[in-house]
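Novice: Protein chains in written order, with the working numbering: chain A, 10 to 376; chain B, 10 to 376.
These are computed hints drawn from the structure, not numbers from a lab. Please note: incorrect hints may appear among the correct ones.
Partner residues aside, some chain A positions facing chain B, computed with beta carbon under 7 Å [stated by the list, open to error]: (1) K73; (2) S75; (3) N117; (4) R278; (5) D313.
Only pairs whose alpha carbons sit at most 27 Å apart, straight line, appear in this in silico DSSO-like list of lysine-lysine [claimed, not checked]: (6) A/K288 x B/K294; (7) B/K11 x A/K312; (8) B/K294 x B/K258.
All C-beta atoms, glycine included, are put in the ideal place defined by N, C-alpha and C.
Number of protein chains: 2
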Amino acid sequence: MKFSCRRTDLLDAVNIAERAVASKSTMNILEGLFIEAKENEIRFLGNNLELCIDCSIPGTVDVKGSCVVKANLFSDAVKKLPAHVDEAKIEVNESNVILLSCGNAKFNFSIAGADDFPRPQEIDAIDDICVKEYLLKNMIRQTVYAVSQNDTKPYLTGILFDVKQNELSVVGCDGYRLAIRREELIHENPLKFIMQGKTARELLSLLGETDYEVKIKVSDKQAQLTLKNCTVTTRLIDGDYLNYEGVAKHENTLFIVTDTKDIADSIDRASLIASEAVKAHVLLKIEDGQVHINCETVLGQVKDKFEVEMQGDPIEIAFNPRYLLEAFKNADCKEIKLSFSTALNPVVIQPAEGNSFYYIVLPVRVH
Amino acid sequence: MKFSCRRTDLLDAVNIAERAVASKSTMNILEGLFIEAKENEIRFLGNNLELCIDCSIPGTVDVKGSCVVKANLFSDAVKKLPAHVDEAKIEVNESNVILLSCGNAKFNFSIAGADDFPRPQEIDAIDDICVKEYLLKNMIRQTVYAVSQNDTKPYLTGILFDVKQNELSVVGCDGYRLAIRREELIHENPLKFIMQGKTARELLSLLGETDYEVKIKVSDKQAQLTLKNCTVTTRLIDGDYLNYEGVAKHENTLFIVTDTKDIADSIDRASLIASEAVKAHVLLKIEDGQVHINCETVLGQVKDKFEVEMQGDPIEIAFNPRYLLEAFKNADCKEIKLSFSTALNPVVIQPAEGNSFYYIVLPVRVH
C-alpha cells in the first residue's frame with residue numbers, strides 16, 4: 010500500500026472514522042482503524058460491531074492495498090503532523106510497518122493484517138427515507154436526551170423513527186419522560202425502526218447544519234445512513250416500541266406560557282440542592298399568574314417565583330428537577346407552553362407556537 | 010449578620026476566596042467559607058492552613074456578624090443567581106440558617122459557627138518587596154513548571170525567591186531540570202524564601218496582567234501578598250534551597266538558535282510514542298546546521314529534522330522529551346538559544362535575545 014493525500018483530508022477522515030473504533034475490546038482488531046488504498050481513493054473504516062463508519066477521501070494511490078493501524082496512536086500522529094505542510098504520504102513496507110510522513114516528520118508504526126477486520130455488509134434494504142442533515146440532527150438532539158440509561162428495557166435505550174401518514178416522528182422515552190419530535194415527510198409506506206441511543210449521539214457529532222439530504226436505508230437488523238462525507242452503518246434495536254401515542258391522553262385543565270430560559274434557570278437553581286440529595290423533588294405551585302418553585306433537602310432550601318401567562322385552575326405538582334431541566338434545555342424556542350391536569354398526571358411541554366416537539370414528564374407523587 | 014452587596018462583587022469574592030478552601034479535610038470547618046460583615050465591608054475568607062485568601066468587597070451592612078458556610082454549595086448558589094438582578098442580600102436568622110436572596114430567587118443553607126474558623130495572623134514581617142503584578146505572574150509561570158512533584162526533598166516542591174544585588178531571581182527545580190527567571194529589583198538587603206508550588210499555581214490564577222505593585226511581606230514562616238483584590242497568606246517551605254548558581258558551570262562548545270515553536274512541535278511529535286512507553290528518550294543529533302530528532306519505543310518510531318543556526322561541534326544527546334517540551338512551552342519567545350557541551354552535560358536553554366530566563370535540562374545517558 011502506498012499513497013499520498015492532503016494532510017487536512019487525512020485528518021478529517023481519521024477524526025470521523027475513529028468515532029466508531031472500539032476503545033476497549035476483547036477483539037484487539039476492533040481497536041484498530043482499517044485503511045484501504047483503492048483507485049484514486051483512500052478509505053478509512055472504524056467498526057465496533059454496533060456502529061461502523063466508512064469515510065473515503067481522494068488521493069494519489071501508487072500501490073493499492075489495505076492494513077489496520079492502532080487507531081488512537083495513528084490518530085494522535087495525524088493530529089500532530091506539521092500544519093504548514095499540505096501533503097501527507099503513507100506507505101506500508103515489507104516488514105509490516107506503516108510509514109506516515111509529512112514534510113520532515115516521519116512516523117513508523119507496526120500494523121495488523123486487514124483480513125480479520127470486519128467490513129460492513131451492503132444492507133438488504135426494505136425501505137429508505139431522506140431527511141435534510143440539519144433537520145435530522147435537530148430531531149435526534151431533541152429526543153435522544155430522554156432515552157433510558159439502563160438496559161432493563163433495551164428498546165428504551167434507543168430512539169424510535171416512526172414514518173406514517175406523511176409524517177416522521179422521532180421518539181425518545183425512559184419510562185418517566187417522553188420526547189416526540191415531528192416533521193412532515195412525504196413517504197408512501199409506514200416504516201418503523203429503533204436506532205441505538207449511542208449511535209444517535211455519534212450522529213449528533215457527524216451531522217452538520219446544511220440541507221444536504223441524508224439517505225437512511227433500513228433493513229430488518231440494520232440502518233445505513235449516507236452522510237455528506239461518510240457512510241454510517243448501525244445495528245437496530247429489536248423489538249416493539251411502546252405505544253407512545255397513547256401516553257398522556259388525559260384532558261388538561263391548566264395552561265401556562267413562560268420564557269424558556271426563565272423557567273430553566275429557576276429549576277436549575279432548585280436542582281443545586283436536589284441533585285446531591287436522594288429522591289429530591291421540586292414543587293411547583295401555580296396560581297394567580299405566578300409559578301412558585303420550592304425545593305427542600307438536607308442541604309437547605311431554594312425558593313423562586315416568576316410570572317406567567319396562565320389559563321385554568323391552580324395546581325401544586327412535584328417533579329424530578331433533572332427531567333424538567335433537560336426538557337427545557339432541549340426545547341430550542343424562546344417561549345414554551347406547559348399543560349397540566351392533576352398532580353398525578355404528566356405535564357405536557359410544547360413550543361408556545363407550532364407543534365414541532367411534544368415532551369411529557371411524569372410528576373413525583375408527594376402526598 | 011445582615012447585608013446587601015452587588016451580585017457581581019459577591020460572585021468575584023466567592024470565586025477568589027474559594028480557591029483556598031480545602032476540598033477534603035479531616036477538619037470539617039476548613040471546607041467552609043468564612044463570611045464576615047463589618048462596617049460597609051464584607052469579608053470572605055478561605056483557609057486550608059497552607060494557604061489563606063482574604064477578599065473584601067463593599068456593601069451595605071445592617072447587622073454586623075460572621076458565619077461559615079459550606080463553600081461549594083454556597084459558591085454554586087452564587088453562580089446561579091439571576092444574572093439580570095444587580096443586588097444580592099444575605100441574612101443569618103436566629104435558627105442559624107443563612108438566607109441568600111437575589112430578585113425572586115432565595116436560598117437557605119445551614120451554617121457553622123465562625124469561632125472555630127482559623128483566621129490568618131498578621132505576619133511579623135522581617136522584610137518586604139514589591140513586584141509588578143504581570144511580572145510576578147510571568148516569573149512564577151516560567152519557573153513553577155519545573156518544580157518537583159514528589160515530596161522526598163520538600164524544598165524542591167517550591168519555588169525560590171532570591172533577592173540580591175538589585176536582582177530578583179525566581180527558581181524552580183526538580184533535580185533533573187532547573188528554571189531561573191531574573192528581573193531587576195532595587196532592594197537593599199538580600200532576602201530568600203521558598204514558596205510552595207501549590208500556592209504559586211494558585212497565584213497564577215489570581216494575578217492579572219496589570220502593572221499594579223504586589224507587596225510581598227515575608228516572615229520566618231510565612232509570606233503575605235497584597236494583590237489588587239485580595240490578600241494571600243501562605244506558609245513557606247523550611248530549609249535551604251540548592252546552590253542553583255553552581256549548576257551547569259561547564260563550558261559550552263555548541264550553540265544553536267531555533268524557532269521555539271518548530272522545535273517544540275517536533276519534540277511533541279516524538280513524545281507521542283515516548284510518553285506511553287517506559288523510560289523512553291528522544292535523541293537529538295545536531296550537525297551540519299540540522300537537528301535530527303529520533304525516538305524509538307515499542308510503539309514505533311518517530312523521526313524529524315529541521316534547520317538551525319549552528320556554531321560549534323556536532324553532538325548526539327538524549328533527553329526525556331517531557332522536560333524539553335515543558336521548557337520550550339514556557340519559553341515565551343519566538344526564538345531560543347540552546348547551548349551544549351558533551352552528551353553527559355546539561356543543555357542550557359535561553360532566549361535568543363536577552364537573558365530573562367535560563368533553563369537547564371539534564372540529558373539521559375544512553376551509551
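Novice: Determine for every hint whether it applies to the structure shown.
Specialist: The hints, checked one at a time:
1. K73: violated, 23 Å
2. S75: This interface hint is violated because 19 Å lies over the 7 Å limit.
3. N117: holds, 4 Å
4. R278: Holds, because the Cβ-Cβ distance from A/R278 to chain B comes to roughly 5 Å (cut-off 7 Å).
5. D313: Holds: closest Cβ of chain B sits about 5 Å from A/D313, inside 7 Å.
6. A/K288 x B/K294: Since the Cα atoms of A/K288 and B/K294 sit roughly 64 Å apart, the hinted pair is violated (cutoff 27 Å).
7. B/K11 x A/K312: holds, 19 Å
8. B/K294 x B/K258: holds, 23 Å
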